[in-house]
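Chemist: Each chain is listed here by its residues.
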Amino acid sequence: MNAASLTASLLLPLALLLALLPPATRRIALVLAPLAPLPALWTASLASADAVLDLPWLLLGSRLGLDDTGRLFLLFTALTWLAAGLYARAYLARDARRTAFWAFFLATQAGNLGVCLALDLASFYTLYALMTFAAYGLVVHTRSAEAWRAGRIYLVMAVLGELTLVAGLMMTAHAAGGLMIADLQAASPPPVAVALVAAGLGVKVGLPLLHLWLPLAHPVAPVPASAVLSGVMLKAGLLGWLRLLPLGHAVYPEIGATLLLLGLIAMFYGVAVGLAQRDLKVVLAYSSVSQMGFMTLGVGAGLSAPGLWPVLLPAVGLYALHHALAKSALFLGAGVALKVGGRAWVLAGLALPALALAGAPLTGGWLAKAALKGGLAGLPAPWGGLLGILLPLAAVGTTLLMTRLLWLVHRLPAKEPVASLALPWLAWTLLGLVLPWGYAQRVTFPEWAGLAAATWPVLLGLLFAWLAWRGRLQVPVIPPGDLVVPLEHLLKILKRRQRDILPIEQRLRS
Amino acid sequence: MTVNEVLPLAVIASSLLPGLIIFALPERRIGLRSALNLLGAVSKLVFVGLLLAGVAAGEEYGFRHTVLPGVELVFKADALALLFVTLSTVLWLFTTVYAIGYLEGSPHRSRFFGFFSLCVTATVGLAMAGNLFTFFVFYELLTLSTFPLVVHRGTPQAMRGGMVYLAYTLAGGALLLTGIVWLHGLMGQVDFVHGGSVAALGPQATAQLKVVFLLLIAGVGVKAAIVPLHGWLPQAMVAPAPVSALLHAVAVVKAGAFGIVRIVYEVYGVEYAQSLGLLLPLAIAAAITIVWGSVRALFQDDLKKRLAYSTVSQVSYIALGVALFGPVGTIGGLAHLVHQGIMKITLFFAAGNYAETLGVHKVSELDGAGRRMPLTSAAFSIAAFGMIGVAPTAGYVSKWYLGEGALAAGMDWVVAVLWTSSLLNAAYFLPILYRLWFRPRPAAWPHEHIPARGWRETGWLLLAPPLITAAAVLITGLFAETSWSPLAWAKLIAAREYLQ
Amino acid sequence: MNGLLRSAVVIVGLSLAAAMVIALLQLPSAAVHLPALVAENLAQSGVEHPVTAVLLNFRGWDTLLEVAVLLLALLTLLTLGGGKAPAPAAAVDPLLQGLARRMLPLIVLTAGYLLWAGAHRPGGAFQAGAVLAAGAVFLQLAGLLPAWTAPRRWLRLGLVLGFLVFLAVAAALLGQGALLRYPPALAGGLILLIEAGLTLSLGLILAGLFLFLTGRDA
Amino acid sequence: MSTGLLYALAGVLLFVLGAAGAVLLAHLMRKVLAFNVMGSGAFLVLVGLAQREDVIDPVPQAMVLTGIVVAVAATALALGLARAFHARTGRTGLTEEARRD
Amino acid sequence: MTEAWPDPAAWLILLPLAWATLAFLAGPGRGGRLAIPALAAQCALALWLAVSLAESGARLHPVGGWGAPLGIDLLADGLSAVMLLLTQAVALALAVYAQAYFADAHHRHEATWFWPLTGFLIAAMNALFLSADLFNLYVTLELLGLAAVGLVAVGGGTAQIAAALRYLLVSLIASGAYLMGVALIYGTYGTAAIASLAPLIDPTPPLATWLAAGLMVVGLMAKTALFPFHFWLPPAHGGAPAPVSALLSALVVKASFYLVLRLALGPFAPLAEMAAWLAGGLGAAAILWGSWQALRTRHIKRLVAWSTVAQLGYLFLIFPLLAADGLAMQAGVMQAVAHGLAKAALFAAAGVLMRATGRDTLDGLAGVAGRVPLTLFAFGLAGVTIMGLPPSAGFLAKWLLIDAALASGQWGWVVVIIAGGLLAAGYIFRVLRRAFLVAPEDSRFHPVPRRLEWTAFALAVASVLLGLRGAELVALLG
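Chains as they are written, first to last, in the working numbering: chain A, 1 to 510; chain B, 1 to 500; chain C, 1 to 218; chain D, 1 to 101; chain E, 1 to 478.
One chain only, chain A, in its complex shape (with noise of 0.2 Å):
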């Protein structure tokens, strides 16, 4: 039973996608194409522990199964699959390209729910693979000039991370000498392969330096598309982390305060670049740089200290699904309101999974925020202290950037409403309150002492706000991707030197 869940989970998305190709299935396989994550869902919620199927003869000898982190991931995955594909059906009901879609769609969706799935690094590696490079066709779907260059720069930096991913995990491999998850957990690896996994999986992540291609990519796709990529992709780099880096039994404290500086930086840096954009999905995008940050920062610390790790394992966890069915509902949200216009129960559908990324109290931020923070607070000096302070201010960051999203939405005109894709955005919103009290017993809950703290930043963020608001601030425009736009510059500049290198060198090969 267990491996036929298994197996179902990551088959089915596979035999829709390919029983979409044929024009005689097409029209099934088109209604049937959102139910996929079905299975993978009965096998979070249903399968025994031990589930494991092992398939020596596949790949490089494969191993599929869950573990905690695996179910928790599989089920926050599969879920938010499949929202956006009840979400996608209607949003993409008369779309001319549906099917180039939807077969991108299922890919990807394989490859994601097949990551959690995944025991041992060569099929990690390869549902890994396959997500990424699926995912392109999701970000390029609307083949506009936007998408287009949002695509190729999703390419290149997925390329070079899959790479690095790549070379990261020969290293660990040879040092762990098995390619079993299971292997991973006695190995301590060199550091330069604890750095290549953490880069090359960082790109996905959207670490500082990483994200570029983030802010560009996951608006221009689709909306059900950008709901699953800054909702569900990202953690699939995360689980990558959780899986492949020696957390828990090695110190490496130059790579864990690297990975805290980033998560600190990119915590900043997204409010503050966030802060200056127009565009609704751009904003929810650097707002997820932002809060990946967070789970970099509890990443960071398990590497650098390995002692706080079993705290911080479900902490990260927490708020891994926590933002997945915040950004996923924000994101679905910010499709609505393009549609329908800046209502007010557009904005009060918005304003719920905008506070719980807030971490107001209550919600599933804040149960996460507080287990987050109290693990992180075990950091020694100075972390511990500079932390401590630099949270909530973060909070506030993240408060002011919802309420710059709330004020961009308000501000869009009125439109027909369309019930069908409100109301599988209203489901979710919903859900996405509730569930991540369903995993706080796994983490120290917070004491209600703490409700204070929590609440603090949120108000003051919304202070500023008004202030903002009052002193009509006039807020600068960075564009979209931020250092992408230098870097484009100097890649013309050197496209235009090389054209005048190349035919020298023909002629002296000549």
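Simulated from the structure, these hints should not be mistaken for lab results. Mixed in with the good hints there might be a few duds.
A few chain D residues that face chain C, going by a derived Cβ cut-off under 8 Å, partial list only [said to hold, decoys possible]:
#1 58
#2 62
#3 73
#4 76
#5 90
Just some of the chain D residues that point at chain E, by a computed CB distance under 10 Å [unchecked claim]:
#6 18
#7 19
#8 23
#9 28
#10 31
#11 35
#12 43
#13 44
#14 46
#15 47
#16 59
#17 60
#18 74
#19 81
The C-beta atom is built at its ideal place from N, Cα and C for all residues, glycine as well.
Given the structure of chain A, go ahead and fit chains B, C, D and E onto it with the hints provided.
Modeler: Coordinates of chains B, C, D and E only, in the frame set by chain A:
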């Protein structure tokens, strides 16, 4: 003669005889010619199957014939030989089918298929060569039998390509010959044996052995297209697509790479080569080739030329694997021998399909071809991903083993080389895929020869081979750990090379 | 021809000459002494004159090939293609013609004598053939014998008869164990047979060397 | 010094003279004559040297006889060719031809 | 010598003499029908001789029953057997070729006395290979030379006559030098029999022996057309009708080489070392110069002829290496045999190509690959031998040669050998690549008798396949 002596000869004869008969056939006997070709290919497959089963069971197959006193023609169908023989035989079958479709209606087909068969004969002979002398015999035979294929079109451009090809390969052959005779003078006949044999010469011969190694490797390095000996390969791409497939996947470059394997493992012995310090320079040369080939490929607009430079790069993976001291690297190199073959042949089949169906020869003309020819393009894409080393393709498996082998050999810098190369591979393949799938198709194709009929985007003889080989790219990657995969066979060979 | 080559040839020639002269002057006496051997075996050779013995018996093989050389020279001349029609005899000097007519029997007689004498004194087939040829040349010069063009069958037979006889004898004797190994009893007769055939053919050949040449593009 | 040796010495000189002539002279007729001189030199050496101790040796005599016949044949052939060449080209030497490769 | 069936060696000389004479008797243009069965019989005889030699070792045949030094010996050993076999086999194939070649109306006039001349030529070679007497060798040399000259002139054109004349003059001067050498040798030692001479010549002989050896070898080199005496060869071999060129290039030049080898291995062995370097140097120069010229000429047959000049150079490379061990000698003979077969094939193929295109230049060849593929294949196969590529006999020759050079530590020759091979590839592929070009619109092809094509092909195949049976050949050499 016993069965164990006859079987290797039968493998050779199964393409030689049809080839000779085909030469004598009049041009218009298409049916008979095709039947002969396929009969040869299939019977060769059967013989190879028998050999495979036997070798896996520990049988020894060989044949000896004295040519000169102390010089023998030796055939030996051992595991390593069969790795290459199987590859060539299987791919030959597909290439033959493809060529029958590709050359439909073009002139001089008797000649073409005659040399085609000779070419494969030379390849299997080379693979089963049991000593350096025999190896050289077939090495040169291969050169000669491919030349008419390269210049088949008879255009001045083809001539230029052919002459460059000859100049390079014959010069390489000369170096190889010098090295072989030198070694022969030092120690008599040099049979291929596990673990090599030259170590017996003792320490006073090391200086000479180093020079001989250089000569031998430079000799086979021409065919293996190691930089700076690679210049012929991009020139030779003027040949028809089946020939390119042959050059790049089935026979020629493989012969060079295979020669490196034989020389390092079974003439010098990998341990001894390592102790002479010969492996590091080889690895460096291979690394340079890998990167340089990819860099050159980036700038080619001609599709086949781009693929050709890609071959330059990819074939050196094999040499690299050989130069990595340790069984894992060996496994990687040997597995790549097969993997590169099926991937590159798929690419060339697809390139040929674009040219033959749509008249498209340039990368820049490929816009939207994925819509017009989805199956071909899918095959192309799979193989291209394989070249980049994306899982779960065959290319991923070999790259993985190479990387692991490098780490095991303590040559961590190789990982950087692999990284760079993969990046470059992505840089020249992904734009092609992008054009195939995501760009709008043009108003008209440059020269549409074959109209689409339903899902049959082109002739079925042209379509089937790339689809099968593309499937093979996936299957060999997905099922790499099964006992019948090329990887498993490579492991068997590596075990024999190192444990003795 | 350029000067450099000329001087080089002269220098090489002079030094070669000098070296040879020196070499000859300091030559020791020979290690092998054939005249004694010849004398010893003369009795079995079938002839009495040592030179003829060497020519036709001891080194008869040389002679066989030499006849072939002559035949070959003639053949080659013939290959030079059909020339013009034979030139009419140029000088029709009646005195010369008369002389030639009278000399002819004498010439044939002399040839016969030389042939017969070869067995025991200087003479033999070559000399006899040469005399015959000289007669033919004489006739031609006197305008009594036209120059030859392509040889007719009978002429061809005459040209090769001697050689064929020689060959036949050699082949027949091969049955005895070795080429040209005359049984002592038959040696004299066989040699005479060969010489007779050769005289005729050599005469014709030598004459032909002249007559075919004259006939051509003269 | 015996007569035989004297003959031989003279033969040497004739041979060298003839050889040089055969190489250097341009006119075909002269070449042929020079060749004959050269051959005669060789014959003289063959006969003379063998008999330098004044013992008659019939073997070289027979050899020379053979040689002479061969030389006659060769001379005739050379003359025939030279005449044919002259008749076709009007030239008496090969040298211009030699320049042409 | 009292066997039931007498010595095949003697028959190998008598038989061609006989059929040559009979062919003459039969009249102009006749003799082909006689020659082919006779040559087939000669082949059998040569084979028989070789087999019996392999069993019993070298055999003497004392002509006239006298024995050396009084009489003349015929000596049949492995070396001569190999050369005899080569000669008969190539001659047989070329006879078959020639019969078809001259059947054509355009070429009939060339055939007038072709058959008797060829018969004498073959007889001369067989006699030369078997003779063991220096003076007798002189006679055979002359016989051979005159027959060859006659064949060069056989076409009767002005160029042919000029070539024949030049050939004749060189040949005569060369024989003169050889004869002078024989005179000196006879004067010094009192005998011309090789068997008697061999024990008499020691490493410090009188000056006369040196001079004799020098004169004889130089004369023979000139006859072999070794650089710089090669100038007569290209016009002579390039201008004659194809079967003649083939005979001359494949066989005749080998005869004088054979003699040099015999002398260097036999009586002059003590002296050989001194001159060996010179011979090797000239050989190297021949390889380079001949190949270079072949790369430049515009005519097919000239190209093949220049290739002969180059390939003959290899034969002389063996002399500096003779000391090493048997390798160099084997190499030389292997090269002679390989080149004999291959060159015959090349000329035969060139003849077909020229007849098919009606032109004699390389430029005229465009497109012949599609018209006479078999011939082109033959040309290519023979080219394989010429280039010294495996599995041909030429390759084995090169292999042995390099082996010998490396064994004796003489590096330079290896470079020359390799360079020569590459240059050969250069000129062979000059022909092949043009043949593969697309034929121009206005080109016209003439039909060619299939027999011509097949003969060329058979010769070429033989030259390649011989490489697989090198062991037998070497075993025969002993």
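Chemist: Now look at each hint and say whether the structure bears it out.
Modeler: Outcome of the hint check:
1. Look at residue 58 of chain D: its Cβ gets to within about 4 Å of chain C, closer than 8 Å, so that hint holds up.
2. Evaluation of the residue 62 of chain D hint against chain C yields a held restraint, the C-beta minimum of about 4 Å falling below 8 Å.
3. Because the beta carbon of residue 73 of chain D sits about 4 Å from the nearest beta carbon in chain C, less than 8 Å, this interface hint is met.
4. Interface hint at residue 76 of chain D: satisfied, since its Cβ lies 4 Å from the closest Cβ of chain C, which is below the 8 Å cut-off.
5. At about 12 Å, the closest approach between the beta carbon of residue 90 of chain D and any beta carbon in chain C exceeds 8 Å, and the interface hint on this residue is violated.
6. The closest approach between the C-beta of residue 18 of chain D and any C-beta of chain E is roughly 7 Å, which is under the 10 Å cut-off, so the hint is satisfied.
7. Of the supplied interface hints, the one on residue 19 of chain D holds, with its beta-carbon coming within about 6 Å of a beta-carbon of chain E, less than 10 Å.
8. Interface restraint check for residue 23 of chain D: the shortest CB-CB distance to chain E comes to about 7 Å, inside 10 Å, so the restraint holds.
9. At a threshold of 10 Å, the smallest CB-CB gap from residue 28 of chain D to chain E is about 7 Å, leaving the interface hint in force.
10. The restraint placing residue 31 of chain D at the interface with chain E holds, with a minimum CB-CB distance near 6 Å, inside the 10 Å limit.
11. With a least beta-carbon distance of about 5 Å to chain E, the hint placing residue 35 of chain D at the interface is held under the 10 Å criterion.
12. Checking residue 43 of chain D against chain E by beta carbon gives a least distance of about 8 Å; that is within 10 Å, so the hint holds.
13. Taking 10 Å as the C-beta cut-off, the interface hint given for residue 44 of chain D holds, the closest approach to chain E being about 8 Å.
14. Satisfaction of the interface hint for residue 46 of chain D is found here, the shortest Cβ-Cβ separation to chain E being roughly 4 Å, below the 10 Å cut-off.
15. The interface hint given for residue 47 of chain D is met, as the beta carbon of that residue sits about 8 Å from the closest beta carbon of chain E, less than 10 Å.
16. For residue 59 of chain D, the shortest C-beta to C-beta distance to chain E is roughly 8 Å, which falls under 10 Å, so the interface hint holds.
17. Because the closest C-beta pair between residue 60 of chain D and chain E is about 6 Å apart, less than 10 Å, the hint holds.
18. A distance limit of 10 Å between C-beta atoms decides the matter here; for residue 74 of chain D the minimum to chain E is near 6 Å, and the interface restraint holds.
19. Residue-level restraint check for residue 81 of chain D holds (minimum Cβ-Cβ distance to chain E is 5 Å; threshold 10 Å).
When each numbered hint is compared with the structure, a violation occurs for hint 5 only.
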